[in-house]
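Novice: The chain contents come next:
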Amino acid sequence: MSIDVATLHHRAELLAANLPPLMAAADRVAATVSQGVHGRRRIGQGETFWQYRRYEMGDPIQKIDWRRSAKSDPVYIRENEWEAAQSLWLWSDGSPSMHYKSKKNLPEKAEHGDILMLALASLLVRGGEQIAPLGRGARPTAGRTALLLLAQSIEERLLSANDNQPVGSLPPFEPLPRHSNVVLFGDFLEPLEDINRAIGAYADRGVRGHMVQILDPAERALPFGGRTRFEGMENEGTALIGRVEGIREQYADRFDAHRGGLKAITRSAGWSFVTHYTDQPLESVLLGLYMTVAGPRSL
Amino acid sequence: MMTIGALSFIAPWALLGLLALPALWWLLRIIPPAPRRIRFPAIRLIMRLVNPEESSAKTPLWLVILRFALVAAVIVTAAHPVLNATNQVDGRGPLVLVVDDGWAAAQNWDARRTTLGNLIDQAERDSRAVALVTTAPSASAGRLAVSFMSAGEARERAQALQPKPWPVDRGATEILLADIDARGSAQVVWLSNGMEMGSADDFAAALRRIGTLTVFADLPGALPTVLLPPNADREGLAVTAMRASNGERKSYTIRARDEDGAVLTRRELTIESDEREGTLRLDLPVEIRNRLDQLEIEGQNTAAAVVLVDERWRRRPVGLISDLRRGADQPLLDELFYLGRALDPFTEVRTGPIEDLLKRELSLMVLADPGRLTGTDRTALTQWIETGGVAVRFAGPRLAGDTDPLLPVKLRDGDRELGGALSWTKPATMATFDETSPFAGLTIPKDIRIRRQVLAQPSVDLADKTWARLADGTPLVTAEKMGDGWLVFVHVTANPQWSNLPLSGLFVEMLQQLVQLGRGVAAEGENRVLAPLRSVNGFGHLTSPLPGAQAIAAKDLPSAEPGPTTPPGFYGDETARRAFNLSTSLGALTPIASLGPGVSVQAYEGSRETDMRPWVLTLALLIAIADVVASLALRGLFVFNRAAAAAGLVLLAVTPALAQSGPAATPSLGNADAALNVRLAYIETGDPEIDEATHAGLRGLSFIANSRTAAELAEPMAVDPSTDELAFFPLIYWPVTANAPVIPPTAAARVNTYLKRGGTILFDTRDEGGGNYVGNRLQIMARHLDIPALVQVPSDHVLTKAYYLLREFPGRWTGGLVWIEREGLRVNDGVSSVIVGSHDWAGAWAIDQGNKPLYPVVPGGERQRELAYRFGINLVMYALTGNYKADQVHLPAILERLGQ
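The listed protein sequences correspond, in order, to chains A and B. Be aware that the first sequence starts at 1, since it is given in my numbering, and climbs by one per residue. Be aware that the second sequence starts at 1, since it is given in my numbering, and climbs by one per residue.
Only chain B is shown next, with the shape it has when bound in the complex:
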């Protein structure tokens, strides 16, 4: 083997082939590439030309280099180059690989796998037999006997190896290894986890008996850190992390997750220098703490760096016994309402019948005057209290009906009422709590008044059972220890009927103390069998149960050792699960100290050795392909049509542009209906009221014109001069408002075109025929229109006789002037293109759906409306027929002349 930097050659003698390269040089020199063949008409001019440079017969230099590289690549492949060939093991005998695959191996698992793979590669190259032995107990039934196998087989098994979430058992492995008959010739490589775990020394000695021993071990600083289950107390959780060596001060990040894996919090935990352990106090809010499911050290991926948290570490839930017979229609009188409000912020409150509540773990059971308990309920409740539950019972009206109540003290019949109508006593206050009481230290608000209570029968132990009393000494809260639990009785109701205690903060604090008292136990016995629910795998991830995991009795779980049948994880079911942590059973962590003489300890290598042969061969193949292409190109067999390629690119670039350009904005022809019928049009002002009136007015005019004349006008329509084509409309009615905007130049251009080509526009300022304000506005608005000088309508104008003979042109108003273009200015046959007035004709013409006039005319009378319609008809006729009637004026004279 030859090594140059990270590159090694397994068969270096093959590199001698590189010496043959000069021969290749010579060979290439004497065989030039074949010429291109070109048919050429002017061949006669080329013939007998002598080339001054004869070097062209040579192969081009770049082709020579290409072919050199090809041959060199093939030779280098033969020399079998390997990158990162370290982790060497000497000797020729069989290779025994002993792998610690317990929980601690997960910390540096990639390096372990790399080293293992390197060793197996090496054994494969040397054709050595390999035995692969793992020290952690396996999940499969029995441990396989150690046997030698080929390196390929060993690689398959090595690739299947995973760290186990339980400790190694080197003692059992020693027994297995005793079977190996290698007569001391074997090479033993122990990929250890770097920890003592019992006695590593003895194990190393056993390995040395098989053959030469090489040990890989993690550095003490790189050993895994273990997270111990937290201690729960009133303030919160105390989390302890433990490391294997006294090193530098180091900080770890502890991450708390909930059931869904969401991170609840991340806190720093520091282990001081020369300390093995460090503690972090997690004072989480109760809501967060109750969601806590798992704690882990960030960056540590072992099973021991994960601690699962079950309900033992949680604040216990409180059960409220609800009575379905009681309606919830008066919530402010319902005891459960006050209890729920007081308990909700810091505990989980469950409500239901006794038998349902007792199915799950509870710390506290609250009975708010439940009435008479049935026999089974009572038995279950008593049993639960005796196993450690705390039941709190409140007095109430129904208590009297219970002949044998479950109470800590005997009660006198009836109750005491203080400060009532028939009593001269005042409502009692509370006395300070005794030192022995769980409520000791709580401050009592001064305004608490007890108006009514039930009284205990005096007895010897009454004082001991009393946790709270009134100022006069009568017990308010009494309690009795039953088995491991407590039965607590509050002598008032849980609603404010008997006292204002439930309204006070003290009530909440007292309930909190009672919840702390409750330890929380399942009503079911410890004999139930817990099936594995979820398991922690070797890398500290919570997964589905491992294949070998078996169910275990609840009482055996605390004493169980983590192993193939009992991997760490959750046991039980989703409602009541128990956490089983690996770190509980781990003792102190100790790094491997000394393994005796003659044992070399190496660190794990991070880089996997890579066989370079496929890469170099691929390179050679690519060069060969390039050589073929180059040779063909030299003979002119490849024609690269650059123009076509460029055209393709240009086409690609241009196609979207073409697609975008599309048809240029074609002039809108508007609605086809506009062209199919003769109809009046109007311009919308933007004021809906005026626009509606205009529409109704034109509709009315069309209706009247259709019924009286030969004109057939369709439904009028609104047009927008800036977008619509105006050419279809003989007459456009344009109401002008006081705030009409100036016609934009583009629209004005279209209107001008319309006017020039014979269109007629009636501007109506609608201002009672006189007010000049809107008229001025019209001047401003029509600034961009080509409106010639206007004159008053002459008395003999066609408008006065186009259909009806008229003298004036009233609309809703009358008396104003109507202006038209001065005759002779336009070529439009003398027809005025613009008519300006102020009579609000549309208002006079307007009709509703029933063809009744909409607006009154001023000063009034149907005569005025009739005249308005007549003007309208004249206007329509004028717009449709032009000055036809003007010609008719001369008819009598013409007839007279003809007659002569």
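Just chain A, with the same shape it has in the complex:
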């Protein structure tokens, strides 16, 4: 490998310095959510006791719980809760447009995206799922290692952003196995055609997905006034508006149209879509997201 030891060490240090707060925040958010979530609530493969059932003809004899059966006349079968692991690929948008906040006391969109992603990953890992960062060709893994790998991917993305390397606003395509899951975090303000193309590539392969749009409240309300020159954050160009108050309604229409388009794209792909604003609490969106991703409906 061409990376020398010093660079690696430096990166490791950076990782160690930056990650714990992010991980801690994600863990904290995940902890508040996981209390309300129970298992799969289905009978199946697993280690956790689910229920006793009367023995019926055809049940394997090995499943009879003799201790239970000894207490009474009928013969009981012990059934465990289904605990099947699924594989999820997670991706969060790290492009410059995500590093935006309209007020000082609001977090950046990317911060919320990363925390949400890590928190979801933390929950999933606790639930025994296998996760992997999307776009790195990694195999899904389970346990704490998977979290660290995910965090490392965030860190490398941040480093590359610092090195002024372009970071994509849309998830890169990666050939994933069928029936795997993808969770995408981003602002998805790109043209709808581009988004459709990126989503479609996955949907065509039968990959199920979840799209979490993270926006700043200012991007919905356009709370500016007067003569303003807007500048894009990813070299999209500029727009000089004489009086911003005057275009607010038009903007709201276009904003709603864009979100409608995103919903349509996801619906046609069979994906879920949720919008989160950075002035809202993370816990509620995370709970909903977790129920959607890990819940029985999506399986």
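No lab work stands behind these hints: they were computed from the structure. Note that the coordinates shown come from a computational prediction; the quantities given were computed from them, not determined experimentally. Hints may contain errors.
[To be verified] Heads up, incomplete: computed chain B residues facing chain A, CB under 7 angstroms, no partners named: (1) Pro35; (2) Arg36; (3) Ile38; (4) Phe40; (5) Ala42; (6) Ile43; (7) Arg44; (8) Leu45; (9) Ile46; (10) Met47; (11) Leu49; (12) Ala262; (13) Arg266.
[Unchecked claim] Ranges between beta-carbon positions, derived for each pair: (14) B:Gln888 <-> A:Arg78: 55 to 61 angstroms; (15) A:Arg197 <-> B:Ala624: 39 to 45 angstroms; (16) B:Arg822 <-> A:Tyr52: 38 to 44 angstroms.
[Claimed, not checked] Per the computed footprint, the stretches of chain A lying under chain B, defined by three or more beta-carbons under 8 angstroms from a beta-carbon of chain B, are: (17) 182-191; (18) 245-252.
Note that the Cβ used here is the ideal one computed from N, Cα and C, for glycine as well.
Based on the hints, put chain B in the right spot on chain A.
Specialist: Coordinates of chain B only, in the frame set by chain A:
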């Protein structure tokens, strides 16, 4: 010049610049402000949006108005606005300002200065030369020649002008003005004091020769009022005020001050209509009158409205010649005592040797049988009398030793005694005073008896010299005029040895008459030089001497004219000062009548003209700053973080609240010592005697327990169940008195907790083991305590065998019952938490510092005390070890079973 109301414009043509404002409007319309720059992620949604309102390219209206105001302010500044530009003088020639700065100018000095300043401002604007001439003589050596100067220089000199406390001298000014070579082109402005002061007419004529004359004068009603020095007579002071014109009836307030400036009195003085003068009679008490230092008219601030008062207007002090050889150990026999008592209320009495007394002015000198006078004293005294002093001498035993006494009459040797043991005459009474006597009119009390007197040798003039005589015609008081003064001799002593005259009111009245007689003069001659002590300044304030003031001989002072070298004020030194008043030398006051044709007389203007340029320029600058701020804000370069500001405010408001809340009341752990040692505790009843006994009792018990058992008890301490933590104490002794208050619920809760957790309390009703009164009180007192049903101590209870084997539990008393909790009610291992008794155990246990018992036990015997101690030790053991001994009871049975 253009004038709009009080506002004038010196350069009105500059206002034409306002016409350019519409051009500014057009200019602002075509240059909109720069846009704010905002980085925004959702730029794609904004692109290609068309704004339906394109008016946003225009500058906001308020910004236009702001910039208009800015330009207008600059234009108005160029037009040089001036407020209150009145007092105008026409013409182009040099300006000659003649200012009356004598005493009368102080009355309206601010208006004069304002007018003067306005005129100089005007001359400055027109670049005219200015000459400033003052009519009052100046304190500096010579008067400066009149010269023209720039307006700025003239303003400096005008600002330094002060009214002088002396009159103007227009004649001398006329001579000065003759030097001015203005060839009639000058503008002459005379800021007069409005009074004739000689001939104002001639002066105006002289001024007219220089140029066009404008005269400012006070209205006759506004001219100053003069206060004349008061006339002193026996009743008091008569103060006269004089005004310049016969006007309406008007009242003035005369204020009298003392040396420190404190106001002694304020009285109304009224000048009737069509009168020039009014008089006020000030009948002040003597004490107040003698403190009087200065009289003034309130509201008049001229030097002539102030009259200084010196000792000439005061009641004269009386000198008592004291003889140091005479002791004051018998005050009721001392003549000075009676004289002092009689003179003190209405005069200032000074006591001392003759030479000291004569250093200051005296009206009366009293010699109370002084014995022989030395030659120098006698010469000084004679000299003083001849210059106007009054010496009063009393007879006495020592008079006989004086061979050549200073007396008005010759005396016969020896004295006459009336009504004595060897005399058949009765003590004589006094005859009515003669009409010629200074004492005429005084009533003589009937009980005055003269027992002894000295007799005058008959002579031709004896009757004339006699001021008072006895009923038999012999002189009692004789007097002789010496020079300007009097030598008075009283033929009895000043103490009641010879007569009871000194005890009577008549004595006081006679002395008062004698004091009135004395005019009061200084022994020193009139040739002494008086240095200026304090001066009255132009505004009538008493200040340190003015710079030009010079010393003046005392005899020249009355005839001196007030001027730069002799300003009005006090002269001399602090002990003997002479007042020199301005108003004495002022003649009648006359307002200026007519100044001849062609002279316009104006009144003074009160308002100073104000150059508005700096103000308008400041306004323009402020608008400019506001414009810069507004422009920056429009471009979004200012971010006002309201949230931070609000947070700061909230923090400011909350910080004190946080500081106040502090730690909440933490439960008191009490003294750390309480926890470090095992000790007995007791509850204080509030009765110090009982509390001391309890303390001594517990100390005694601790002492005995320490010496006999393994328990190590420290010094007992008092606890308060409502504040102290009780958990540290195994046993609490609680004496109950007949008036013990009910335990409050909060304290009771703590006591209950203590009892529940294994504490033991011994309630002692101390009532000889039977009287139920205090026991009832205990029920009331312990109303809030959780005390279960009590039983008598069973004969096999642990208390009977915890250490000693006991049958009864005596204290100071014996025979009562001891109650404990019924066994089995509590979980405390059957240990009773409450023990109630009435034997006053603490009294039996009590020991003094020498470890001797303090109180006898009843019925008595050391056996009872020993049993009391034993009970105490059992109690301590019971509290410390619980029912341990109860278990031991079964030991023999256990051993028996084990042995088998």
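Novice: Can you verify the interface hint for Ala42 (chain B): is its Cβ closer than 7 angstroms to any Cβ in chain A?
Specialist: holds, 5 angstroms
Novice: Tell me if the interface restraint on Ile38 (chain B) is satisfied: Cβ within less than 7 angstroms of some Cβ in chain A.
Specialist: Result: holds, 5 angstroms to nearest chain A Cβ.
Novice: Does Ala262 (chain B) pass the interface hint, meaning its C-beta sits closer than 7 angstroms to a C-beta of chain A?
Specialist: With a minimum Cβ separation of about 67 angstroms from chain A (threshold 7 angstroms), the hint on Ala262 (chain B) is violated.
Novice: Does the CB of Arg44 (chain B) sit less than 7 angstroms away from some CB of chain A?
Specialist: holds, 6 angstroms
Novice: Okay, Gln888 (chain B) versus Arg78 (chain A) on CB: inside 55 to 61 angstroms?
Specialist: holds, 60 angstroms
Novice: Confirm or reject the coverage of the stretch 245-252 of chain A by chain B under the rule of 3 or more residues with a beta carbon closer than 8 angstroms to the chain's beta carbons.
Specialist: holds (count 4)
Novice: Are Arg36 (chain B) and chain A close enough, Cβ to Cβ, to be under 7 angstroms, as the hint says?
Specialist: holds, 5 angstroms
Novice: Using Cβ atoms only, decide whether Ile46 (chain B) comes closer than 7 angstroms to chain A, and label the hint accordingly.
Specialist: Result: holds, 5 angstroms to nearest chain A Cβ.
Novice: So, Leu49 (chain B) near chain A? Judge it on the closest CB pair being under 7 angstroms.
Specialist: Check passed: Cβ of Leu49 (chain B) comes within 5 angstroms of chain A, closer than 7 angstroms.
Novice: Go through the hint on Ile43 (chain B) and say holds or violated, using the shortest Cβ distance to chain A against 7 angstroms.
Specialist: holds, 4 angstroms
Novice: Taking the closest Cβ pair, is Arg266 (chain B) under 7 angstroms from chain A?
Specialist: violated, 70 angstroms
Novice: Using Cβ atoms only, decide whether Pro35 (chain B) comes closer than 7 angstroms to chain A, and label the hint accordingly.
Specialist: OK, holds: Pro35 (chain B) within 7 angstroms of chain A, min 4 angstroms.
Of the numbered hints listed earlier, those contradicted by the structure are 12, 13, 15 and 16.
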